[in-house]
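Asker: Each chain is listed here by its residues.
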Amino acid sequence: MSVQTSPQPADVTPAPAPFLDVRDLRVHFPTEDGLVKSVDGVSFTLEKGRTLGIVGESGSGKSVTSLALLGLHKGTRAQVSGEIWLEGKELVALPETEMRALRGRTVSMIFQDPLSALHPFFTVGAQIAEAYRVHHKVSKKEARDRAVEMLKRVGIPQPERRVRDYPHQFSGGMRQRAMIAMSLVCDPALLIADEPTTALDVTVQAQILDLIRDLQEEFGSAVVIITHDLGVVSDIADDILVMYGGRRIEYGTTRDVLKQPQHPYTWGLLQSMPHLTGDVGERLDPIPGTPPSLINLPAGCAFHPRCAYKGWVHEGRCTVDRPELRPVSGTGRHIAACHLTDEAKHEIRDGVRKGA
Amino acid sequence: MSTTQSLTGQTTDRPTGENLLEVRGLQKHFPIRQGIIFQRQIGAVHAVDGIDFSVGPGESLGLVGESGCGKSTTGRLITRLLEPTGGSVVFDGEDITHQPPARMREARRNLQMIFQDPYSSLNPRHTVGTIIETPMRLNGINPPQGHKKRAQELLETVGLNPEHYNRYPNEFSGGQRQRIGIARSLALRPKLIVADEPVSALDVSIQAQVVNLLQDLQREFGIAFVFIAHDLAVVRHFSERVAVMYLGKIVEVADRESLYTRPRHPYTHALLSAVPEADPDAVERRERIRLAGDVPSPIDPPSGCRFRTRCWKAQDKCATEEPPLARAEGSPSGHLTACHFPEEPTLAREEDIVLDPALGQGLPIET
Amino acid sequence: MFRYLIRRLLAAAVIMLVITTITFFIFFALPSDPALLACGKTCSPSRLAEIRHSLGLDRSYLTQYWEFFKGLFAGRDFGDQSVRIHCGAPCLGVSFQTDTPVLTTLLSDFPADLSLGLGAAVAFLILGVGLGTVAAVRRGRAADKAAVGLALFGVSVQIYFIGLLLLYLFVDKFQILPTSGYTPITEDPAGWFKGLILPWATLVIVYLAMYTRLTRSSMLEVFAEDYMRTARAKGLPAAKVVLKHGLRAAITPIITIFGMDVGSLIGGSAVITESVFGINGIGKLAVDSVQNSDLPVILGTTLFAATFVVLANVVVDLVYGLVDPRVRLA
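Chains as they are written, first to last, in the UniProt record's numbering: chain A, 1 to 356; chain B, 1 to 367; chain C, 1 to 330.
The following block holds chain A by itself, in its conformation from the complex:
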């Protein structure tokens, strides 16, 4: 798959194009109250066999981004612009009929709550088989066998029997396994997992995350995992994209972002999480305030009303100028959107460590 034969966009450099290349993606929803800019200029790339974690709180635009990758905003009132290049195909402008041929086959998705994402009136087996038959001309029997095989692969005991069960007869963890089986049944090149473990217990979550990782190695697909949990991305992702108010605020390798975070919002997320080790006398350091309204995003840096360090930046730039994403010195491709100078960041981070 690494050989690129597909046509390239005209303005791209001769370097091999990435498997997935999202450029300046915008998803806006017109409402009575105004234009909701759920995603507002998001770009990222992803290679096969790699995992990208998109992190953010509710309303950060992470789920809307994932639906755009599947073209599920087509035919709704959402206004999508920008480009999504997948294996040389541009998806934003792709007609619905052609997009439909890719859905479930080239791009597939694992949803958050498997109980509501699986149809209550059809058996698990029928739903998996259906996903296979949409894209493959096979008999019902063959599709069913394929469903059994997939259920077996994701660790459902007695798959021949359980294939006839309804979703409500499965436990939470088994339902998510069935969902994974369904999303992988056509061997997709890109798998999107939207909060795949949020509804699950912690021991089951660990099993499911390991399963996704195992299957990714086996199938060689690219994975985009959407989550609010930095622990989950740390566990599974190669790269992290932190979103706030529909925009990127920090993007880099997992190690860079978690070990050398550059944006005060990322600091805040990390410091507000309690840990399993370390000093318990230490107070959590929450981010004050609440996530912003996507209709009237604060001017300048969208995070400035909640930022404790805007005093470190001269002349109130944070409230006026929107910070550009700048490369972090001494790293490969770690970028962050903050007006703070490197010196100021060092000073602040040192202060935090000392205070701890």
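Check before you lean on any hint, since a few could be wrong.
[Unchecked claim] List time: in silico DSBU-like cross-link candidates among lysine-lysine, alpha-carbon distance up to 35 Å:
(1) A:LYS140 with A:LYS89
(2) A:LYS141 with A:LYS89
(3) C:LYS244 with C:LYS173
(4) A:LYS152 with C:LYS240
(5) C:LYS145 with A:LYS140
(6) A:LYS259 with A:LYS152
(7) C:LYS240 with A:LYS141
(8) B:LYS317 with A:LYS152
(9) A:LYS137 with C:LYS240
(10) A:LYS74 with A:LYS137
(11) A:LYS74 with C:LYS145
(12) A:LYS310 with A:LYS259
(13) A:LYS140 with C:LYS244
(14) A:LYS152 with C:LYS244
(15) A:LYS89 with C:LYS240
(16) A:LYS48 with A:LYS152
(17) A:LYS74 with A:LYS89
(18) A:LYS141 with C:LYS173
(19) B:LYS313 with A:LYS152
(20) C:LYS194 with C:LYS173
(21) C:LYS244 with A:LYS137
(22) C:LYS240 with A:LYS48
(23) C:LYS244 with A:LYS74
(24) C:LYS70 with C:LYS145
(25) A:LYS74 with A:LYS141
Hints are computed from structural coordinates only; laboratory data are not their basis. As the structure is a computational prediction, the values presented were derived from the model and not from experiment.
Put chains B and C on the given structure of chain A with help from the hints.
Answerer: Relative to chain A, chains B and C alone:
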């Protein structure tokens, strides 16, 4: 804060060492009925099946476990929102196990509950002021400064604007609603608050705000807490003592230092190893245990040790004999473990334990 | 499933018993005296007493009730030595007016109700669900507004108006159809069909409204479900997403109402339609019997209608169990 003195004044005169809450052999079985005309009981969900614990004044006990372990039911039994099937609950020297609601008034004042869902636990048709004042009025408490003033003080205590007294719950965000729920529970100056997953419905950054608030209240007013959560890190942060529950039983209880660094029960090990941490180095450092399957049904729990069906150390004895919750050899006093074959008191492990048959098999699938 | 059926049937039997008792005592507590009516203008007190006795009205209510109840299972005999009428089980009594067993009358009128009710029900279910689905899919657009407007029209007009209008247009003015009425299907299938077209159309116009609105709102609710998004994410064509995944879930609440409607229509609730089109059905029988204070017939038609409503409920529950796998275990 203007309320500090009156609240602490109420709780500091208790003799230390005496327990505020004593729970013994607590049980809750929800009957399952079936029948054509006359319904007969054909089984029971063993939600809570004989647990003991105690909470001292001003102390915080964490109850942690996965769904179906009975932690929320336990919270509802203590606050008598549910009628226990067996065992006893002694609160503040009074046996409230089967106390009829009419006579619960005294205990009700001192025993409050905070719920998980900040959206459904507040009446949308009442103003914030009414919501906070109602418990005072129902209990005939007339603060010298008047109900309204007191309610506004409480709003300030939980970090809300007292001028929002006349607003309705839908005008607040999730985190703010949880603060309203906390203000309501504080209205009666309780000695014990049972907090059932108080932060799990909130965004990460908001979670920390609420956890800090609860911690401040605990320290300032000396309120004891039973803190129920599935998030092990949050429980560790909040509670000095932590009890791990599995299928209606406490399998391990200890002070947090001992439980989180020297756990003895295999299930506690599995739980701790499963928590994802936002530290790329932690992945290499920690033991890796991946259980198989899900928690069995509480309708027909396994005999003997309930964890044995998912345990890598299980032997015949585990099926026949229920392990008592006792101090394992090598554990400090107060660290109790219900296991016949306790683990070493360390989090280091040479080899991964992977019981899930779907993991690490690398079975090729033809497409 | 079998246990469930047994339980539902037993419950239905209990409900029928309660209905029987209540109707019996309500009607027999009515102030009018059927004996007086039967006696006519030249009525002597002795003749009145005689009639009372022959109708069994001179006994206490409880005795009468017991007799009636016994008759349901064992049948009973009416009249005196001169005229003897046998009424076989299940005996609902004998009409004061015609001296025929009530059940015989009911059964002879029943095919008309069955034809009218079932035919109309099938039509308004298919049309209503279809229109509602279109409205939901095209929400906010012209097709939706037209369907909603049509529904509003159906709700607001009266059966009398619609029925007479249709009769005027199709029978009198354009003479496309013969005079409406009921011809048994066994005698003349074509006549049966032609005679029922207008009554069916009338009922469809009235019922269609509710089914369109119900389907539309039920569909819109289902469209918001996560599993609909999953269906699209699989790559299914839009039509399959709506018709297979959407309709399957949206139809469930409609089944309940449909069952009740069919039950009561067959049981004779289409009274107005029957009288507009001159169909001799159970509804008309009920109205006539009330006018004549013919107590056994009133009681009989009430119980007959109740039986169908209760049975429809049992059937709805069973169908529900087939449609929604989650209720099968109940």
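Asker: Which hints, by number, does the structure contradict?
Answerer: 3, 5, 6, 18 and 24
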